[in-house]
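Enquirer: Spelled out, the chains give:
There are 2 protein chains.
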Amino acid sequence: MQKFEIQILGCGSALPTRKHLPSCQVVNLRDKLLLLDCGEGAQLQWRFTGLNWQNIHHILLTHAHGDHVFGLPGFLSTMGLLGRQNPLFIHGPSSLQTFVEYMKAHFFPDLSYELHFIPVDTTVHQQIFEDRSMEIWSLPLQHRLPCCGYLIKEKPGQAHIRREMIDFYEVPTWAINRIKAGEGWTTQTGEYIPHERLTTPADPVRSYAYCTDTQPVPELAEWCKGIDLMYHEATYAETEKDRAETYAHSTALQAAKTAKAAGVKRLVIGHFSSRYEDEQVLLEEAQTVFQNTILASERLILTP
Amino acid sequence: MQKFEIQILGCGSALPTRKHLPSCQVVNLRDKLLLLDCGEGAQLQWRFTGLNWQNIHHILLTHAHGDHVFGLPGFLSTMGLLGRQNPLFIHGPSSLQTFVEYMKAHFFPDLSYELHFIPVDTTVHQQIFEDRSMEIWSLPLQHRLPCCGYLIKEKPGQAHIRREMIDFYEVPTWAINRIKAGEGWTTQTGEYIPHERLTTPADPVRSYAYCTDTQPVPELAEWCKGIDLMYHEATYAETEKDRAETYAHSTALQAAKTAKAAGVKRLVIGHFSSRYEDEQVLLEEAQTVFQNTILASERLILTP
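Sequences listed follow chains V and W, in order. Numbering (our numbering) for the first sequence: 458 to 761. Numbering (our numbering) for the second sequence: 458 to 761.
Some hints could be false.
One copy or two, either will do: identical chains are not told apart, so a pair holds if it fits within one copy or between any two.
SDA-like cross-link-like pairs, simulated, lysine to any residue; straight-line CA separation at most 20 Å [claimed, not checked]:
(1) Lys610 / Asp699
(2) Lys476 / Arg504
(3) Lys476 / Arg756
(4) Lys612 / His514
(5) Lys561 / Val746
(6) Lys476 / Leu539
(7) Lys476 / Phe505
FYI, nobody ran anything at the bench for these hints, they're computed from the structure.
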């Protein structure tokens with residue numbers, strides 16, 4: 458299996474607590490790193506991940522609330538101080554472009570790397586990036602201002618060579634990559650050996666959705682159908698359902714219903730209101746409709 | 458003694474480490490709170506102080522580098538979310554005014570409290586604030602952009618009543634405050650008792666200077682003459698003296714020489730470069746010329 462890990466750097470909401478930092482996650486897909494949101498303290502938490510700043514290729518921002526972006530200026534600035542060379546792509550609602558440009562102009566005009574802002578249309582579910590190993594899709598969310606989540610899908614890898622078959626049919630080394638990529642092999646005696654006999658299938662592709670901040674969005678059931686892991690905000694318990702609606706957030710029960718409707722394999726809930734000393738109440742509420750739920754926590758590492 | 462405490466929330470420099478946060482301190486003078494700088498993570502550290510956000514009256518900013526101000530947006534925003542009512546005064550170089558205004562307009566336009574920015578002329582040593590309990594003075598520093606430190610001087614309190622003398626001369630309760638404030642007392646038999654006989658002197662006034670970021674400033678010897686406690690940046694050791702000069706910072710030795718020239722009672726050094734795993738080298742260097750030096754550290758509480 459190739460690497461596909463999500464590490465949670467912060468899963469609190471707007472008010473800081475002694476326990477939680479504001480929103481930030483890092484996705485490690487085959488050693489390419491994506492940052493999801495960048496709440497205050499992200500660069501401080503980063504120091505504990507052991508990951509290389511240079512390998513962050515994209516930062517995906519959900520919306521222009523401080524608890525999701527106030528760590529960004531320090532993060533960008535520090536990468537510059539460390540001499541980062543690789544260009545960096547920031548994706549997010551267009552309103553955040555001026556913020557990034559303002560901070561750059563006033564605080565770190567001479568960055569050592571190229572910084573590109575790519576506006577995301579938060580009203581459309583579409584692919585916003587792809588390369589050989591992944592696709593990233595936007596997930597329109599419903600919050601108090603333009604907001605979108607992100608779906609990260611691994612692309613299929615190559616088939617695995619069956620060593621004993623390669624030896625048996627005396628396949629030369631130069632042909633291995635073509636076989637991995639899908640071809641069969643014709644032996645010296647003219648016998649055709651199909652690809653499937655020479656290989657075992659590629660690993661199944663995995664997928665992860667990051668859905669915060671939002672009230673329940675029915676379309677997520679379709680867009681995230683059958684994915685492996687969904688992070689969905691669960692700011693409140695059902696007892697605060699009215700408040701959740703007022704502030705366009707979700708309850709733990711609503712998050713679980715979304716996960717169930719989408720048929721995801723696993724749900725992780727986060728963006729906890731500071732009112733919950735212990736989030737067990739949120740977990741138990743979610744598990745009443747979706748058993749395979751876990752609580753987010755700082756430095757937790759998950760695999761889809 | 459009335460309360461006069463300095464709590465260090467962050468004493469690192471621009472690059473974050475696992476050990477230090479960027480610059481921030483809180484001064485508690487008779488339960489009025491001043492924030493000195495506001496590096497990223499300040500609001501997160503605040504949660505551990507047990508202090509009340511409402512009691513912060515002034516934020517004093519030294520200069521427009523990210524490691525001194527990137528915590529400000531979150532700090533201001535959170536106080537609003539918590540329903541702060543007291544007006545807040547931010548003092549600092551004028552370039553920071555647009556930063557505060559930009560962030561307010563884009564991220565927290567509807568603050569629950571009045572926010573006033575008061576530009577500080579960083580080229581002049583002058584009193585920028587006073588009330589019944591303190592004076593605040595600017596300390597022009599020399600950095601790569603306009604920068605100033607701050608000198609906080611306690612004002613004299615009232616004399617202490619000698620209970621046994623009050624009883625002996627049968628001084629009525631209504632006269633006590635006048636005696637505390639400096640008057641004497643004439644007894645029923647016409648005998649005049651001088652103030653000094655009825656009281657013991659007020660506590661000595663104390664003072665604290667916050668000097669960061671800067672190369673050595675000779676005038677500090679005059680401006681901070683004989684003060685109780687000086688925080689002076691010591692980003693580097695003498696082995697990095699050239700680098701200190703290039704970036705307009707100080708070495709530990711230079712900080713100590715400034716403290717000695719000023720004849721301060723105690724020196725605390727901070728703003729440590731991330732290159733020092735252990736700041737003992739900085740402490741020992743400083744102590745070669747100024748013995749009464751200590752190292753800053755997060756959550757350290759000092760009294761002048």
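Enquirer: What label fits Lys476 with Phe505 when the C-alpha limit is 20 Å: within, between, both, or neither?
Expert: both (16 Å within a copy, 11 Å between copies)
Enquirer: Go through the copies and call it for Lys476 and Arg504: within, between, both or neither, with a Cα cutoff of 20 Å.
Expert: both (18 Å within a copy, 10 Å between copies)
Enquirer: With 20 Å as the alpha-carbon cut-off, assign the pair Lys561 and Val746 to within, between, both or neither.
Expert: neither (46 Å within a copy, 41 Å between copies)
Enquirer: Given a CA cutoff of 20 Å, do Lys476 and Arg756 count as a within-copy pair, a between-copy pair, both, or neither?
Expert: both (12 Å within a copy, 17 Å between copies)
Enquirer: Evaluate Lys612 and His514 at a C-alpha cut-off of 20 Å and name the case that applies: within, between, both or neither.
Expert: For Lys612 and His514, the Cα distance is within 20 Å only inside one copy (17 Å; across copies 55 Å).
Enquirer: Is the C-alpha distance from Lys476 to Leu539 at most 20 Å within one copy, between copies, in both cases, or in neither?
Expert: Between copies only: 18 Å across, 29 Å inside.
Enquirer: Is it within, between, both or neither when you check Lys610 against Asp699 at 20 Å Cα-Cα?
Expert: The answer is neither: 34 Å in one copy and 50 Å across copies each exceed 20 Å.
When the structure is compared with the earlier hints, violations turn up for hints 1, 5 and for no others.
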